[in-house]
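> As given, the protein sequences belong to chains A and B, one line each in that order. Under the working numbering, the first sequence has 376 at position 376, and the numbering climbs by one with no breaks. Under the working numbering, the second sequence has 125 at position 125, and the numbering climbs by one with no breaks.
Worth double-checking, as some hints may not be accurate.
Claimed, not checked - Derived BS3-like pairs (lysine-lysine); straight-line CA-CA distance at most 27 Å:
id, chain 1, residue 1, chain 2, residue 2
1, B, Lys144, A, Lys37
2, A, Lys37, A, Lys271
3, B, Lys271, A, Lys271
As the list claims (entries may be wrong) - Quick list of simulated restraints, FRET-style, between CB atoms:
id, chain 1, residue 1, chain 2, residue 2, range
4, B, Asp272, A, Glu191, 23 to 31 Å
5, B, Gly188, A, Asp385, 54 to 62 Å
6, B, Gly188, A, Asp407, 52 to 60 Å
7, B, Glu178, A, Arg242, 50 to 58 Å
8, A, Gln378, B, Gly386, 34 to 42 Å
9, B, Pro338, A, Arg3, 30 to 38 Å
10, A, Gly188, B, Asp272, 22 to 30 Å
The set of hints was computed from the structure by calculation and includes no laboratory data. C-beta: ideal position from N, C-alpha, C; glycine also.
Residues per chain are reported as follows:
Number of protein chains: 2
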Amino acid sequence: MDRVIRIGLLGCGTVGSGVVTILSREADDITARTGAKLEVTRVAVRDLTRQRDLPLDPSVFTDDPATVVEADDVDVVIEVMGGIEPASGLIRRALTLGKPVVTANKELVAQQGPELYAAALAAGVDLSYEAAVAGAIPIIKPLKESLAGDRITRVIGILNGTTNYILSRMTEEGAAYEDVLADAQALGYAEADPTADVGGHDAAAKCAILASLAFDSAVHGDDVFREGIESVTAVDIGVADRLGYVIKLIGIASESEDRVAVRVHPTFLPKDHPLASVRDSYNAIYVEAEAAGELMFYGRGAGALPTGSAIVGDVIDVARNLLQTARGATESQHRAKPIRPMGELSTRYYVLLDVDDQAGVLAEVAQTFGQHDVSIAQVWQEDTDGSARLVLITHRALEDDLRATVDALNRIDSVRRVTSVLRVEGEILG
Amino acid sequence: MDRVIRIGLLGCGTVGSGVVTILSREADDITARTGAKLEVTRVAVRDLTRQRDLPLDPSVFTDDPATVVEADDVDVVIEVMGGIEPASGLIRRALTLGKPVVTANKELVAQQGPELYAAALAAGVDLSYEAAVAGAIPIIKPLKESLAGDRITRVIGILNGTTNYILSRMTEEGAAYEDVLADAQALGYAEADPTADVGGHDAAAKCAILASLAFDSAVHGDDVFREGIESVTAVDIGVADRLGYVIKLIGIASESEDRVAVRVHPTFLPKDHPLASVRDSYNAIYVEAEAAGELMFYGRGAGALPTGSAIVGDVIDVARNLLQTARGATESQHRAKPIRPMGELSTRYYVLLDVDDQAGVLAEVAQTFGQHDVSIAQVWQEDTDGSARLVLITHRALEDDLRATVDALNRIDSVRRVTSVLRVEGEILG
């Protein structure tokens, strides 16, 4: 006789429905793979009156999530409510009761990850969160398990599908940010309030989770330097294209000298970088490790079924462990390594200036860069009507020096405006 | 006090040395992550007199691998000897003794996988083989665990680095196969006898392993239809390029109507397919799953440290399980699903013919295709000196019908030679 593992589901929106659908559709194969039946016995929803087209008995629904966690007929808790509270309290209570938890809550894991991992460790049960980063893409398990014997040096990810969709369409159609965003909103690819996506908050949370795992450190969402894509223009994208780059919103986490650096911002990425060809709303994570070398993981970062697939994969792991009274890989010690201040970043920069179309401007601009120890690698001027546009690509420079340069440029009379400043990955091209 | 897990290593060539190096270099972090020290206590080598620059006591070496497996001071066995025997017997003996085994032996797993999985299951210990497919790329674990709740429909992989290197250079330099192969041999990227790589045998073994996992079936290396890259010419690559394709040696495994289809051959792949931009000696595996959608895993498919990284990841898993007297995910039932005969494949084809440069040839060729139910999508003729070259791309057709067409073409007087026949993935382009 197959054992039964009883599941309590907290939340039954898009992702929760995806989980129920997959568990029902693949029930036989899942039983064959685990030796157990996975049965959804309790589901907490916000609105009990809403009609749901799911293969569940109406009696499983409740609007009191605490009863799901406490119930004797719940062995495993899946949290897909999102937000910090009540999700955090419910998860902690479940762990205390010795019930393993699977969550897709990136915001919560980015904010309270190390405390939650400690609570799971103390209770001796699993806390799994594959679905919290990059939807269907297996990345938590590869970092935590497959690469456990390696030394990861850098993780670069396209971690937000909405912004990648917007930037891809701007690149392919030469369209303006505002137009593509409006279209994405109409199509349901972007929220009415798109701040979490376009401001880089969502990507920053995921970047913090990846950095914590990759570098065995307690990296908090607020530790991540963050710039969104709101000010990226069609001109920036055109310049990037001519120089052999695409502009992508990427999260970069790295470790050196026992300090962790984490940042999310739009970036010039060389067209031959494996991440450059990640189009549409796809996500991808590029990992550099000392022994393994370069790895990339690519797939759908969101959606009911892709995210549901990751959650069900976690649930199967947890079920296997429950049946053996074992638990899966745990996170490492998670002391908080120091975060490298953004000002100490050394990278290359693209700077776009609107200047007066008159003699001597270029000399003055070049001198300003030089005075702040920022060396110019490429420069050219394009005349527009009345004014001129100056495009500069620098050699590697310190972020602090670049910022001082921009401040000084803003004080030059013949410089009308510093239009764009973007960071450039990789070596000099073209 | 940390527990000690004692490792016996069978084989200490390139990959074995990589494993020893990583275990020594990352010893502290590995202990932090597992709660155990991993110590190499016995190493079986072929030549005891050979000088080895490894951080191991000389007393650990022996030229009798059986003693390593039997030794009381060996808890886990790593097999990196390669070949079928004595590797198979040693692994089975280790499992019988209750010792988990980590192997990188693709040939063995492709040939005896299901029997070995059954032996591990019976003994209640782990048998792990992440390193057997695509070196450093985590693909076994994602298929076996992350996607355990999903339904995989197709797996397409660039599974052999040597052939991808050769085809990439042919594509980028317009060079001939023989020249690039000779160069690759001089550089050590290809063996003196390159048959295992260029003939597709290595890729076929890996494809069988992936198909077994993806479709819960016992797929044997010999079940894989196989064509190598030896007859791919610069002309083929030029035609592919003009039509919007690259030629790659890919392994394709799919399941439909409870039958499994597995094949390895050079293929026209659309340039916008994620696998098309996998250059040099990199490997990549593209997975299509019902809920997760499209996923891709990319990285180094070979080399001492990349392969070593995958092995050490497995060893850490195994060690964690040993400490809990648990075991990891097992393969499913592995009944052998029927293999779909290659003749029933339906795909598009590229056919290149050398024909007499005279009126009526095209009509006769077109009629031959039509008589065998193969519909032509694109055709054009290029005159060379004295003869003409006819390039044809078909609509989807059955492999059996295409073969009959080729036989009939070979019987036409004005057809001097059927120069190339290659399969085409994806929809019609250009």
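> Now tell me, hint by hint, if it's right for this structure.
Hints versus structure:
1. Distance hint between Lys144(B) and Lys37(A) is fulfilled; the C-alpha atoms sit about 18 Å from each other, no more than 27 Å.
2. Note on Lys37(A) and Lys271(A): the hinted pairing is violated, with a Cα-Cα distance of about 47 Å set against a maximum of 27 Å.
3. Restraint check: the Cα-Cα separation between Lys271(B) and Lys271(A) comes to about 14 Å, which is no more than 27 Å; the hinted pair holds.
4. At roughly 29 Å, the beta carbons of Asp272(B) and Glu191(A) sit within the given window of 23 to 31 Å.
5. Checked against the hint of 54 to 62 Å, the pair Gly188(B) and Asp385(A) passes, with Cβ atoms roughly 60 Å apart.
6. Remark: the range hint 52 to 60 Å for Gly188(B) to Asp407(A) is upheld by a beta-carbon distance near 53 Å.
7. Between Glu178(B) and Arg242(A) the beta carbons are some 39 Å apart, a value that contradicts the proposed interval 50 to 58 Å.
8. At about 52 Å, the CB distance of Gln378(A) to Gly386(B) disagrees with the hint of 34 to 42 Å.
9. Pro338(B) and Arg3(A) have their C-beta atoms about 32 Å apart, which keeps the hinted 30 to 38 Å range intact.
10. Under the hint 22 to 30 Å, the C-beta atoms of Gly188(A) and Asp272(B), about 25 Å apart, fit the expected range.
The structure is inconsistent with the numbered hints 2, 7 and 8, although it conforms to all the rest.
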